[in-house]
Amino acid sequence: VLLLAVLFFSAVAVLLGAPFTGQSIIWSTGPWALVMAALTTRVRAEGRGNNTRARGLGDAVNEAVEGLRLDSWCAMLGAWLGAVVIPLDWGQPWQKWPVPAIIGAESGFIIGLLVDILWKALQ
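Just so we're aligned: the sequence shown equals residues -17 to -1, 1 to 106 in mature numbering (1 follows the signal peptide of the UniProt record, and there is no 0).
Worth flagging that the hints you see were computed from the coordinates, not collected in a lab.
Some hints could be false.
Stated by the list, open to error - Each pair of labels, with its calculated beta carbon distance range: (1) Leu71 - Lys103: 36 to 44 Å; (2) Trp102 - Lys79: 33 to 41 Å; (3) Pro2 - Val67: 14 to 22 Å; (4) Leu(-14) - Leu101: 19 to 27 Å; (5) Pro2 - Gln106: 43 to 51 Å; (6) Val(-17) - Asp72: 22 to 30 Å.
Heads up, the beta-carbon is just placed ideally off N, CA and C, and yes, glycines get one too.
Can you make the complete structure from the sequences, with help from the hints?
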């Protein structure tokens, strides 16, 4: 599942304008796709570990999978929001692909975790 997710995220990134030359796919798009796959495919792995049938990012079947689904959506939203700074012409090293998208994905994932923890604590 992880390998398919890496290939999927690589293809999506290239279709949205990420570099596709030999070295850049290995050293820039590939690591981003691996991070995204690791942050989003946990939904299926954790759902199966709980002896339930998770449906990826669709409908969750129990509360644990619901929290993982929120984390995955927040990671994807964070990567998208992080990529906003890439076309700005500041010339900073942190602005080059895939640094802002990876930082955004990880930040979004952490925010999703915190929201899930707070939501469960308040219920």
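* Do the Cβ positions of Pro2 and Gln106 conform to the proposed distance bound of 43 to 51 Å? -> Holds: the Cβ-Cβ distance is about 45 Å, inside 43 to 51 Å.
* Asked: Is 22 to 30 Å right for how far apart the beta carbons of Val(-17) and Asp72 are?
  -> With Cβ atoms ~39 Å apart, the hint is violated.
* Between Trp102 and Lys79, is the Cβ distance one that fits in 33 to 41 Å? -> With Cβ atoms ~35 Å apart, the hint holds.
* 36 to 44 Å as the expected CB spacing between Lys103 and Leu71, which holds or is violated -> holds, 37 Å
* Do the Cβ positions of Leu(-14) and Leu101 conform to the proposed distance bound of 19 to 27 Å? -> violated, 33 Å
* Has the hinted range 14 to 22 Å been met by the Cβ atoms of Pro2 and Val67? -> holds, 18 Å
Hint compliance for this structure: hints 4, 6 are broken, all remaining hints hold.
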